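**Student:** So the chains spell out like this:
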Amino acid sequence: MSYIGNSPISVAFLVDTFSGTGSQTAYTMTVAPANTSSIIVAVTGVLQDPSTYSVSGTTLTFSAAPPSGTSNISVRYLGIPASGVTTTAYRTVTDFTATAGQTSFSVPSYTVGYIDVYRNGVRLVSTDYTATTGTTVVLNNACTVGDSVVTESFLVSSVLNAIPATAGSISLTSATYLSGILPVAYGGTGVATSTGTGAVVLGTSPTLTTPNINSAQIPTVSGTAPLYFARAWVNFDGTGTVAIRASGNVSSITDNGTGDYTINFTTAMPDANYSAATQILQNAARIFTVNGLSASSLNIICRQLTENPADNAYISAAIFR
Amino acid sequence: MNSRIIYPTDDGGVAVIVPAPECGLTIEQIAAKDVPTGKPYKIVDVSDIPTDRTFRNAWEYTA
Numbered sequence: 001m002s003y004i005g006n007s008p009i010s011v012a013f014l015v016d017t018f019s020g021t022g023s024q025t026a027y028t029m030t031v032a033p034a035n036t037s038s039i040i041v042a043v044t045g046v047l048q049d050p051s052t053y054s055v056s057g058t059t060l061t062f063s064a065a066p067p068s069g070t071s072n073i074s075v076r077y078l079g080i081p082a083s084g085v086t087t088t089a090y091r092t093v094t095d096f097t098a099t100a101g102q103t104s105f106s107v108p109s110y111t112v113g114y115i116d117v118y119r120n121g122v123r124l125v126s127t128d129y130t131a132t133t134g135t136t137v138v139l140n141n142a143c144t145v146g147d148s149v150v151t152e153s154f155l156v157s158s159v160l161n162a163i164p165a166t167a168g169s170i171s172l173t174s175a176t177y178l179s180g181i182l183p184v185a186y187g188g189t190g191v192a193t194s195t196g197t198g199a200v201v202l203g204t205s206p207t208l209t210t211p212n213i214n215s216a217q218i219p220t221v222s223g224t225a226p227l228y229f230a231r232a233w234v235n236f237d238g239t240g241t242v243a244i245r246a247s248g249n250v251s252s253i254t255d256n257g258t259g260d261y262t263i264n265f266t267t268a269m270p271d272a273n274y275s276a277a278t279q280i281l282q283n284a285a286r287i288f289t290v291n292g293l294s295a296s297s298l299n300i301i302c303r304q305l306t307e308n309p310a311d312n313a314y315i316s317a318a319i320f321r
Numbered sequence: 322m323n324s325r326i327i328y329p330t331d332d333g334g335v336a337v338i339v340p341a342p343e344c345g346l347t348i349e350q351i352a353a354k355d356v357p358t359g360k361p362y363k364i365v366d367v368s369d370i371p372t373d374r375t376f377r378n379a380w381e382y383t384a
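Chains A and B are the protein sequences, given in the same order. Be aware that the first sequence starts at 1, since it is given in our numbering, and climbs by one per residue. Be aware that the second sequence starts at 322, since it is given in our numbering, and climbs by one per residue.
Read the hints as simulated data drawn from the structure, not as lab findings. In this text the structure is predicted, and so the values were computed from the model without any measurement. A portion of the hints provided could be inaccurate.
[Unchecked claim] Here are the computed distance ranges between Cβ atoms for each label pair:
hint, chain 1, residue 1, chain 2, residue 2, range
1, A, T289, B, A379, 19 to 25 angstroms
2, A, T239, B, E381, 18 to 24 angstroms
3, B, A353, A, N291, 20 to 26 angstroms
4, B, F376, A, D271, 33 to 39 angstroms
5, A, D237, B, E381, 19 to 25 angstroms
6, A, N273, B, K360, 23 to 29 angstroms
7, B, I364, A, D237, 19 to 25 angstroms
8, B, F376, A, N273, 26 to 32 angstroms
9, A, P226, B, A379, 46 to 52 angstroms
10, A, V290, B, P329, 20 to 26 angstroms
11, B, A353, A, A285, 36 to 42 angstroms
12, A, P226, B, E381, 47 to 53 angstroms
13, B, A384, A, N273, 36 to 42 angstroms
14, A, A295, B, G345, 17 to 23 angstroms
[To be verified] The following residues of chain A were derived to be distant from chain B, with all beta-carbon distances above 12 angstroms:
hint, residue
15, V31
16, N249
17, N264
Positions of the beta carbon are idealized from the N, C-alpha and C atoms, including for glycine.
Take the sequences, apply the hints, and build the full model.
**Tutor:** As structure tokens, then:
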């Protein structure tokens, strides 16, 4: 479909669902509709005539209690009352009665290119006057005394992404932070709701771009215990030509001698009070001992059960803090 | 990386630093960061390091 101007953006109607009890007649809606005709109410899939219910603020009251059922009452909002709307004058008309020989007129502030000038009821063409300052209009031909000069200016404005403040939980107190970050609500896949200051509840399978997950809650994890991620890890071969297979936040390992390795962190830990999880893959029984640790490195020694140091082909370590 | 950094240990042995390929640092940056302060060191090719570690603790650093 073709449009004059930008294509319209459409979203799904806001819907509330309630569960009938067989006796309850009043339900609290998310939004206060203007009247009963501003919503579509269905009970168990049957459309209800507006005469069978009333609205007062956010309270929806049925004349007869709907039957018992889970989410068997739906309310679709056809329109959401706007809030925070301010009235703005888009047209400003100023009348002047000219003096003899007057050419210059001081007019209310206008945007250059958005002003019309009339002289004695006749609209002047733009070449008949100069209106380039935003505050004055200068006619090319001097007026005679008593001439009527009228200026008509227009406010240049645009409306972008108007969101009713009462429709959900979005606050536009700082729209800069919303740009490109919080575009989704009501069934989307991004940020679904927010609770309190700074806390964000993520929707299903969100895509996190450069996330700061110091205190993020991952919705796929059961329970409320916090998550702690490894701050460094390494998998290396401690035999033959000692080599690192893969690592994260590890700049190197130091081969100090048989079974004696120091893991050097690329970026140091906050302190030395971290936990190191170490593991080997070898048939012979081995134990690890921590020979020394600091914020920047961890020295481990792999020993046989006889306590003699011994090399190992598969050694891995993960650091938690 | 095919380079290693070696430096003498306090007990007369030699320590071999094995760079992490994914760390994003150059061998010189790793040496500056991971060689103990004040220790002399050399950057050598990995082929210069013996692969037989039977007598690993008997290795010595030669300036």
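**Student:** None of the hints should be skipped; say for each whether it holds.
**Tutor:** Status of each hint after checking the structure:
Between T289 (chain A) and A379 (chain B), the C-beta spacing of about 22 angstroms keeps the proposed range 19 to 25 angstroms intact. Look at T239 (chain A) against E381 (chain B): about 21 angstroms separates their beta carbons, and that is inside 18 to 24 angstroms. A C-beta distance of roughly 24 angstroms is found between A353 (chain B) and N291 (chain A), which places it inside the suggested range of 20 to 26 angstroms. A C-beta distance of roughly 38 angstroms is found between F376 (chain B) and D271 (chain A), which places it inside the suggested range of 33 to 39 angstroms.
Checked against the hint of 19 to 25 angstroms, the C-beta distance between D237 (chain A) and E381 (chain B) comes to roughly 23 angstroms, which is consistent with it. The hinted range of 23 to 29 angstroms is satisfied by N273 (chain A) and K360 (chain B), whose Cβ atoms lie roughly 27 angstroms apart. Distance hint check for I364 (chain B) and D237 (chain A): the Cβ-Cβ separation is about 21 angstroms, which falls inside the suggested range of 19 to 25 angstroms. Distance hint for F376 (chain B) and N273 (chain A): a CB-CB separation of about 37 angstroms, inconsistent with the stated range 26 to 32 angstroms.
Distance hint for P226 (chain A) and A379 (chain B): a CB-CB separation of about 48 angstroms, consistent with the stated range 46 to 52 angstroms. Between V290 (chain A) and P329 (chain B) the C-beta distance comes to about 24 angstroms, which sits within the given range of 20 to 26 angstroms. Taking the beta carbon of each, A353 (chain B) and A285 (chain A) are about 39 angstroms apart, inside 36 to 42 angstroms as hinted. Under the hint 47 to 53 angstroms, the C-beta atoms of P226 (chain A) and E381 (chain B), about 49 angstroms apart, fit the expected range.
Taking the beta carbon of each, A384 (chain B) and N273 (chain A) are about 38 angstroms apart, inside 36 to 42 angstroms as hinted. Checking the proposed 17 to 23 angstroms range against A295 (chain A) and G345 (chain B) shows it holds: the Cβ atoms sit about 20 angstroms from each other. Non-interface status of V31 (chain A) relative to chain B is upheld: no Cβ of that chain comes within 12 angstroms, the nearest being about 52 angstroms off. A Cβ of chain B approaches the Cβ of N249 (chain A) within 12 angstroms, the least distance being about 8 angstroms, so the stated non-interface status is violated.
Distance check for N264 (chain A) against chain B: the nearest CB is about 4 angstroms away, which does not clear 12 angstroms, and the non-interface claim fails.
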